Amino acid sequence: MTAQEVRLCGLLLQEHFGDVVEKVGTHLIRSGVLTLRALAHETKLPLDLVKKSLCVLMQHGMCAFGAGRRGPAGPVEYHIICERILHMLRYPRYIYTAKSLYGDTGELIVEEILQRGQMTMSSTVKTVADRLTHNMPEGQSMDYSEVVSAFSRLVETHFLQRCPPMASAESSSSGADNTPLPAVTQPTEPEDHPECYKLPYINLTGQGKRRRSSEDGEADPRAAKKAKTDSSERGDEGIYWQVNFQRFHLHFRDQAIISAVSCKLDQTSSEIVRTMLRMSEVTTPTHAAFTQALSANEIFRALPSSYNIARPILDQYLTLLVDDPMEFVGKTGDSGGGMFGSRSARIFRLLLRKRHLEQKQVEDFAMVPAKEAKDMLYTLLSENLVQLQEIPKTPDYAPSRTFYLYTVNQLPTARLLLQHCYKTVGNLIERRLYETKENKRLLEKSQRIEAILASLQATGAEAAQLTEVEEMITAPERQQLESLRHHINKLDSSENQVDETIFLLESYINSTQAPR
Amino acid sequence: MAGRGRGQLTFSVEIVGIGKGENLPPSSVQPTPLFPPLDQKPVPLQTGEEAEYMLALKQEFRGAMKTLPFYIRPAAPKKDVERYSDKYQKIETSDNSLEWKPDWRRFPKELRVREKRPLRDKSPAVPKQPKQPRVDKEEIIRKLETLEQKEEDRSSDEEDGEKKKPQEEEAEGEEEYDEEEFEDETDYIMSYFDNGEEFGGDSDDNDEAIY
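The listed protein sequences correspond, in order, to chains A and B.
Residue numbers for the first sequence follow the working numbering, so the first one is 1 and each next one is one higher.
Residue numbers for the second sequence follow the working numbering, so the first one is 1001 and each next one is one higher.
Simulated from the structure, these hints should not be mistaken for laboratory data.
Treat the hints with care, as some may be off.
Okay, the calculated bits of chain B under chain A, using three or more residues with CB under 8 Å as the criterion [said to hold, decoys possible]: (1) 1027-1033; (2) 1056-1068; (3) 1101-1109.
Residues from chain B that face chain A, not an exhaustive set, calculated with beta carbons under 8 Å [what the hints assert, rightly or not]: (4) Tyr1071; (5) Ile1072; (6) Arg1073; (7) Pro1074; (8) Tyr1084; (9) Val1113.
Remember, it's a predicted structure, so these values are computed and weren't measured experimentally.
We put the beta carbon where it would ideally sit given N, CA and C, even for glycine.
Could you build all of it, start to finish, from the sequences and the hints given here?
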């Protein structure tokens, strides 16, 4: 874990789970593996708060536990899974993808599961149905069966998966005294479980309930009790579902490839690539560098009929795609251009293509005047995007008789850019928190006034009263609020976009490192 | 050797690209400015329906997380003085149990927070072993308490008697002190001052040698 990653994880934990969890989480990331006692002692927090935080982190799959170094009889040790925390940046993208694929129902299902970490199918269906009913016009309600079908589709396409069962080795406390008490359960990988994507049989019929505001207070404890007994009756107790992030990542990767191809070639070729990818969706393992070999016949049959692609044309396209060095790395070059100007980007791309170049050659190929080329190369060099390689002509490395070649190492450069991205997102979040803190008083005031307005409107007040309340915020304050909202929106939006770059760089690094 | 003097480089300067007599930028002695001017403007943000929808999703998600029971707030700091409003304002019950029920079969046992009972603080570790010493401790405490009570009963009679005497003595002592103090109207208590007049008087009774 690099310093930037730890900082970013801390900020994300603080935003979503509060200060206590942030403290516990960052300390555990820095220490690696700790027992409960050690963690409580070192963070100097009360034991109960530490326990609560660990429960929250484990519920969301960000913390895992295992038998300690002293074996199953010793205390349990906990560690943090950092990449799950970093996935929190991408939650809006996951939800949006679910919406585009499976509509509002799918969107709400994924959102609920992301908010709660893990859920049983029956509770998800009920909550989502209630939420959808709430938004529907009066008199209509959402049937459970529709939600169930959306859920099933999500599971079939592997976007949701079961939480792995615990390899439980617990014996009850009243059991035999001879056996030692292994109170440790060992979590397993979700994919290892054969029933990972099997839907449980639940008898869930009914419709979403519309929540009436007056009954809220009383209904909740009764509803909570009812929910507990219900899930055990529904037949899927103990089966929890979580979001399958790998699958979403595959989807994003495919999308990126398709859009890259369509940018470079044309729409039709992108359709062909999309078909190929869809066919190999379920057959190709996640980290494979290449999809399974597909024959031209299979592709031809699988093409959507709306595109009338004749067989010979398909063959032509395929040869074109094969010849084109489809470089996924085009994106790395673009980010180099943004900071240093388009000419530097040209130089960078040139170095990527030609691998090693001398100074003079760079000037010639890039068609950039000598002085500018020198300047840009040194700037790139100082930022470590470009490296200098020495090739001596004589064994004594005399400078006058040595070739100095400029080159780009893709993998370290990608890593460097990734760290820059993490730092960027960290800075964006901190700036947003700062802006919010600076204007806290104003924000609170506007919230209070909105609450007053809402209550007045509910009880049916006159227009004069409403305008009077609205005028409590002066015009310059309104402007300030407006500009604050604008800034915060911009910062949030930037976070989303930087995350797209983060995803590309992470996929590149992971796929390059994975053994082929 | 290294550091023989500035200006002696191991390679000729021309190769790096700096010609003779060219002006090098002056060396800077200040830290870099906090917001350095950018040569290139950053790439403009994407706008469009997708970006705005994702923005809305993000902000809603953040807001929703703050209301869920997973957002843990640190315990409210203890108030320094009891305030009148405490009677009427509902203080958040710092309930030690979680507000949501995780499936405890999937979590290690030690994380289970049991509710606090008034006199007992249950330790969170595996409950088997600590039970016995706790029971012993309680017995011991009870024994000690009974012993204390017995002692108190016994000594309470004596104490009553004793208490009266020191009170009288103190009263007398104070009166004496008051008289002495006010004799010459000084701050010094007269009985502490020994002006040596009595020095010779004692020697008649002493058989010991005087050094």
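Evaluation of the provided hints:
no., hint, result
1, 1027-1033, "violated (count 0)"
2, 1056-1068, "holds (count 8)"
3, 1101-1109, "holds (count 8)"
4, Tyr1071, "holds, 5 Å"
5, Ile1072, "holds, 5 Å"
6, Arg1073, "holds, 6 Å"
7, Pro1074, "holds, 5 Å"
8, Tyr1084, "violated, 24 Å"
9, Val1113, "holds, 5 Å"
The structure does not agree with the numbered hints 1 and 8 stated previously, though it agrees with the rest.
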